[in-house]
Amino acid sequence: MTSCSKQIVHSMHEYLDGDIQEEKKQELKFHIETCADCKQHFTELEKTIALVQSASHIEAPAGFTSRVMALLPREGKKVGIER
Amino acid sequence: MDLIVQRRIKQVIKGDQNAFGEIVELYKDKVYQICFRMLWDRYEAEDAAQETFLKAFLNIHTYNQDKKFSTWLYRIATNLCIDKIRKKKPDYHLDAEIAGTDGLNMYAHLASGDQLPEDEVESLEVQASIHEAILLLPDKYRAVIVLKYIEELPLQEIADILELPLGTVKTRVHRGREALRKHLRHL
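Protein chains in written order, with numbering that gives the first Met the number 0: chain A, 0 to 82; chain B, 0 to 186.
Each hint should be verified, as a subset may be incorrect.
SDA-like mimics (lysine to any residue), calculated; alpha carbons at most 25 Å apart, straight line [stated by the list, open to error]:
no., chain 1, residue 1, chain 2, residue 2
1, A, Lys46, B, Leu123
2, B, Lys83, A, Ala61
3, B, Lys27, B, Ile84
4, B, Lys139, B, Arg41
5, B, Lys29, A, Ser53
6, B, Lys169, A, His56
7, B, Lys169, A, Asp18
8, B, Lys181, A, Ile31
9, A, Lys24, B, Lys169
10, B, Lys169, A, Phe41
11, B, Lys54, A, Ile57
12, A, Lys24, B, Leu152
13, A, Lys38, B, His173
14, B, Lys29, A, Arg66
I should point out that these hints are in silico values taken from the structure, not numbers from a laboratory. For clarity, every value in this text was computed on a predicted model and none was experimentally measured.
Make a model of the complete structure from these sequences and hints.
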């Protein structure tokens, strides 16, 4: 990072959260077009998000539900943690 | 789905265990995924996910039916995982490396059979790097990043799950993203 204000990076995050005021958004857009370092920072953030979102979705292992059900206290018995 | 869930919960409270089985079926993948991304070990993740459902079952009476069930359930899961991460010994980073190799073993195993196409090998390597970057995050950042980008939950819901002010969640997402950026920008 260069000497660009922390406020610009903060704006980037607000933008990424979809939670930015129009005025700040324009300011950010203008800044990114004119500052190579900030443009790179922003591109890297967007890429990071895309990468994390691409993390393959995984499923619970086979037989998971029956193993959970086997852990439950027997039916009929009153469960201990009750008010 | 919410209506079905609420109906099943009422049945569970009345003592119908089979109804709980349906709840487990509905949420097992989401809960397992949270645990796996938080702990990055499939055995620990399964333990944590099982524990989450057991705890939910035992404490079902404390669930407020006016609120979203998934919020309550994911809270149990994230709290359990954060506890587990904090209880780990200081050699945690060694574990992390071993966990990282686990991914490589899987890769080696796959590669020993048919030759994988170049881009699939690359994608496995990229996946391993992404996991490693998530794992390197301190637990409080890891939780928000997993909930936001893996489970794709809105920030307000994440705040509800973690019982944190929205502002705190935002700050953690920002810092988490910056930390991830440092690890992933060269990919």
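Violating hint indices (sorted, rising): No hint contradicted; all consistent.
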